[in-house]
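Enquirer: The hints should help you fit chain B onto chain A, whose structure is shown.
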Amino acid sequence: MAIPLSYNIRNLRLRLGSTLMTAVGIALTVAVAVFIMALLSGLRHAFVQSGDPLNVLIIRKAAQTELQSGVDRDAYNTIRTLPGIALAKTGEPLASGEVVVIIVLPRKDGTGETNVTVRGMSPLGFEMRPAVRLVEGRWFNGGQREIVVSKSIHDRFLNAGMGEEIFFGKGKWKVVGVFDAGETASSSELWADVNQMSSDFERSAAMSSVLVRSTDPVSAQALKNRVADDQRLKLDAMLEPDYFAEQTRSGAPIQFVGTIVAIVMAIGSCFAAMNTMYAAVAFRSREIATLRIIGFSRASIITSFVIESVLLALLGAAVGLILMLPFNGMSTGTANALTFSETIFSVRITLQVFLTAVAFAVIMGLVGGIAPAWHASRREILSALRD
Amino acid sequence: MTLGRFATKNAFRNRRRSALTAISIAFSLLLLTLLMSVYRGFYIDKGSAESNQRLITRHKVSLVFFLPSFYRDKIRTIPGVVRVSPWNWFGGIYKDQKPENFFAQFGVDPSEIFDVLKDDKIAPDELQAFQRDRAGAAVSRSLAERQHWKIGDHIIIKGSIYPVNLELTVRALYDPPTAFDAVFFNTEYVEQALPRAKGRTGTFFILADSPEHVVPVGKAVDEMFANSPQPTKTETEKAFGLSFVAQLGNVKLFILSICAAVVFAILLVSGNTMAMTIRERTREVAVLKTLGFSRGTILSLYIGEAVTISLIGGVLGAGAAALLLIVVSHAPNGTFFNGFKVTGPTFLFSLAVAALVGLVSAAFPAYQASRRNIVDGLRHIG
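Chains as they are written, first to last, in the working numbering: chain A, 43 to 429; chain B, 28 to 409.
Excised from the complex, chain A in its bound form (with noise of 0.2 Å):
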């Protein structure tokens, strides 16, 4: 027969100080953990969500970045003659020729300065991206020094504001517009034009990448193999989400770091939490062997204190998300280890980091409670009664 659960309950409130220093250290670690997997999962969701299925994004071979890339205009000019290229309004083909260049900005907290990217695109480069809006200003005229900065640009680095200054390449260029791609790889970026870009970083000869939109997935797939497999352009094309996807990586130092740091502090924690339970036992020694003679099987004393070291455990977990909800949401940004940039991403407590959080305490609860338990169970009656 098991104990009821509502025994543990009382127990816990019994020891009030107790229970709330460790549920407490546990808090700390599952705070830490969460903080951890929400700044991943806010990483990976910006890679994953970024990118659209129609477009195809055609880099040099060998290279993993535009940033490396380098496409010739005779490529360019090839590429835009392929069929299957959606057309644009003006009845263009919807193909825009590309400059990356990566600039220092400084941030507005004083934190000192970051690489950002800076994309010169063709105008028509916004009919490609529909996930983007303008949400302030317009958009830049071609042939002007004008650029559009991302939302999170314009909130977190100096100069960035509508009709400022932002001194690059050979000068300024003026902040006409704000726009907001959502949560993607492009929140990070500065558009500009990629003629006046092209001569301000003498670039003339080569652009860094193109990116084309076909009319439908069957054509994207056809465009990719068609671009990839021609031996004269040397040009390697992708689908622009697996482009994104790739970039994940960037993530894997604080991937790494942050499963040590979380690691450790839980061992410590599994410690503190055998200390207490012991503690429990050792305090109740007398009421476990009167539970036993009532007839309560060992098997069953020993689920009960299991039982509540998770629940300590649990607590901890609770107060550990409650500690770190403030957090989700908050914008921050790291370096891409791909493109050199800054990608901005939000910090997300999602169902699944929320679950793992959960997991993760309920592992310490029962690597904690399991010795304590074991010892409740196995002490002779006779002895703990006369304690």
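Calculated directly from the structure, the hints in this document are not laboratory data. Since we're looking at a predicted model, the values are computed, not measured. There's no promise every hint is true.
Unchecked claim - Estimated spans, in silico, between C-beta atoms of each pair:
#1 A:329 to B:405: 51 to 61 Å
#2 A:116 to B:249: 31 to 41 Å
#3 A:297 to B:194: 50 to 60 Å
#4 A:129 to B:220: 38 to 48 Å
In this text, a Cβ means the ideal position worked out from N, Cα and C, and glycines have one as well.
Expert: Just chain B now, with coordinates in the frame of chain A:
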């Protein structure tokens, strides 16, 4: 029996509890010591004397832009500059894109690079061989061991930024002062294979004549090119390295907040133990008082016990951290923690944190116990 002995005896009275507490504190302090070592490596250490004499000049806008190669000779004319070598990131791929096959490749000037990196040890005959072969490579010894390369081996590195594949022969092995693995090759190789790369340099590595001249030299370099189409930014080697760390986000805040969480967690663990211990000994405290021990003595007795336990945890944890960093720095793929070590002051600081935690955690329960009325204490059943 002296009071000190009494306190230590007490600490081991409930062996299991003391051991569990000490182990719990040890794990937390292991983490704390590791984090502090990383923090120290990033933000406190000044770097070696040689490293403090070096500067790196790059394009002001960002690393991905090139500087004209003739800047090298202009920089040489600045007083205080001893040596200048080009330093070009190649960014090629060896074998495949697996992380274990990733290493840095730099195009350098073989005749001058090891004068700039004068704390890198290289055998004179190997250096000569590297200088004579335009397709030669100098490889850090640990990288060569990891990849099983010997002198005379051929390595092929596929270009990703440059459409050029390097076919190099290992001519020299060198020992860098810190764990920084790289392959150096003659930057002329790329220039000859790719005419448009000629006359362009990514960064310049500068050696100043003394650490005091590093700041004025950096300023002079940047002023010299301030109004040119390619302005420069010159930083010390240390600052240059830190700019990469800064990109990961607010690493400083990240480390410090985890440290704070860890310290708070061990405070709770130790506090919990002491509260349990002292509650159990309520009667004993009353007996001690009856015998004539003063409140102050009883207070110090319990604080001494707590400090003993947390110090044991501290020694274990900080010692394990030191060992771990030594082991990891010899591991083939431990790229992240490479170059960090637990220094004496860090170790002592960890112990001080442990002692302080013991002190603070015992203070409140011990104070309460010492104030308790003797008669109440003797009547206590627990």
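Enquirer: Give a verdict on every hint.
Expert: Structure-based check of each hint:
1. Between residue 329 of chain A and residue 405 of chain B the CB atoms are about 25 Å apart, so this pair departs from the stated range of 51 to 61 Å.
2. Taking the beta carbon of each, residue 116 of chain A and residue 249 of chain B are about 39 Å apart, inside 31 to 41 Å as hinted.
3. About 36 Å separates the C-beta atoms of residue 297 of chain A and residue 194 of chain B, a value inconsistent with the hinted range of 50 to 60 Å.
4. For the hinted restraint 38 to 48 Å between residue 129 of chain A and residue 220 of chain B, the CB-CB distance of approximately 41 Å keeps it satisfied.
Hint check: violations occur at hints 1 and 3; the rest are consistent with the structure.
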